[in-house]
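Once you've looked at the hints, dock chain B against the given chain A.
Protein chains in written order, with my numbering: chain A, 51 to 360; chain B, 167 to 435.
None of these hints come from the bench; they were simulated from the model.
As the structure is a prediction and not an experimental result, all values here were calculated from the model.
We put the CB at the ideal spot given by N, CA and C, even for glycine.
Restraint-style ranges between C-beta atoms, simulated for each label pair:
(1) Glu348(A) - Leu174(B): 33 to 43 Å
(2) Asp191(A) - Ser250(B): 35 to 45 Å
(3) Glu166(A) - His205(B): 39 to 49 Å
(4) Asp313(B) - Thr345(A): 33 to 43 Å
(5) Phe249(A) - Leu174(B): 51 to 61 Å
(6) Arg183(B) - Lys132(A): 43 to 53 Å
(7) Leu174(B) - Thr345(A): 33 to 43 Å
As a plain string of letters, each chain reads:
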Amino acid sequence: MDATTIKSYIQTKQVPSFLIFTGPEWVVQKIYINKIAEVMNLQLKYIDSISDIYASLRMRQVFNQNSVYVVRDDKEITGNEKIQEQLQHGLLKNNILILLLTSVDKRTKFYKTYKETICEFDTLKPHILKAYIQREIELSDSNTEKLMEVCEYDYGRCLLEIDKIRQYGEWSQVINDDKIFELLLNDGTIYTLPKDAIFDLVDAILDRNINCFDLLEQSYEVGEATMVMLSVLYNNTKQLLQVQSCTSNDISKSTGLTSWQIKNAQKHLHKYKTGELVYIMRLVRECEKGIKIGTYEEPYIMPYLLTKIL
Amino acid sequence: MIGQEQLLNDISLLVDRDTFPRFCILTGPRGSGKKLIAHHIGDILKCTVVNAGTTVTDIRTVIDNCYNLTSATLYIMADADNMSVQAKNALLKVTEEPPNRSYFIITLEDINNTLETIRSRAVTFQLEPYTPEQLVEYAISKQYDTDINIIEEICDTPGEVDTLCQYDVPEFYNFVNTTIDHIATVSGANVFKLTDRLKLKEDGDGYDVKLFFKMFMKVCWERYSDTDDIKYTNGVLVTSDYLKDLRITGISKPGVVDLWILDMRREWM
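This is chain A alone, in the form it adopts within the complex:
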């Protein structure tokens, strides 16, 4: 099932009593949920689990208020075939139950049984996302595309940044949304993911800069792997050691390093003694070996390393 089918249900006011939404576009899912409740004239209630309403669903009620119930990742539904059967055989009566799944394993029996009921809200295509954004705020095409890029094409994040633009506009009385967007982007209020965080981190370590702990957090945020961080740190330290201990005028010929590597290493000369650089190399290798043989836990390695080095 796709979003077009849901739209047609809404338009014809014939929404099935049990729907399953999945996919990364949770904001779009919420828009559809709100629309369903509005069109079907039902109350909208978010619940933690079907067990919260199970008893009331089974009882006859004279004065019942029919509702759209929304529940996320409820194992009571996905794991219990008895409840699934009851849902299919009138448990909900005139209510609607929408199950939101963060992810769905397509190999499971549940998926195979409910394949036709599941609507996957895939990441919005760029031109559709652009249309959604320009419906919310008056930005030029280029700024809209910039916003989409900065928010990694995530509609939810775009809405959060749009909210900042609106708030600033109300406070500052600046009317032009484009001007506000550019201002907030330049001063960092609109959050931009750090690029090349890992190289900034290694530079900070080799500069003995205490900010490296913040840069480590940024590296984790962008999903950099510990082994990659260790590898980059090791290679840069080794290159620095070679350059620092080279007495020849022709460093490139002596060390075999490229001019870019030499220039990079020269930025950090003499922040560490030769013995300290050797110590860093040993420490990094010890950590790598520890992760491979299971004696060290990966999440704790980098903080441990930074503490020992600095």
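Just chain B now, kept in the frame of chain A:
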């Protein structure tokens, strides 16, 4: 096949009694003949042999196919030490109750490089170590003209014999001697250039690191015998520690060699 008599006898006995396990693990060092034995098993079971990969997609393809077999088929998943957790989990189901007409063999360098749950479903066959005489016999059967003494002293598996005999061994020997002479005397900037002559990546050129370390230890022992200089025994001790590290799956070879260089300099300067 040279060597592995006991193992081959055991396998033949199981096949003759029609009790050969549907899922087994062959373990042994790299180059010890695990794939060769797996193919031999396929021959004596009179199976079609399929060399399957070890990625999760490969395993799922195997699973899809093995339930529709019309003749006996042996699936070999070689070098499964780096198999991903997802691939290992995919393998669990089919190996718990293998479908009719299917056999599965995975080969590993280290039995610990797979899940406990996979080990419990399989019969494990450990390859026997090769004696120096067997390796010499292997080299002769391949008509290699490398010095037999060197093969006896530094090779442990037929794979290592094949690798060593590809080199110009006198040149390799001289390279190791030069390394011993200069490792502690060249500048710190220069010393890492030694790694240019070693094979640090799977697809790289140069001398195999493990063979280099073993040749290094051999030459150190020779020099100790000639000079009684204790520094050479220290060199052997340092190198043997790093040789052990090379057995760790996924370990960075460049890192191992770099630190070996630093430790050798520390010992000999």
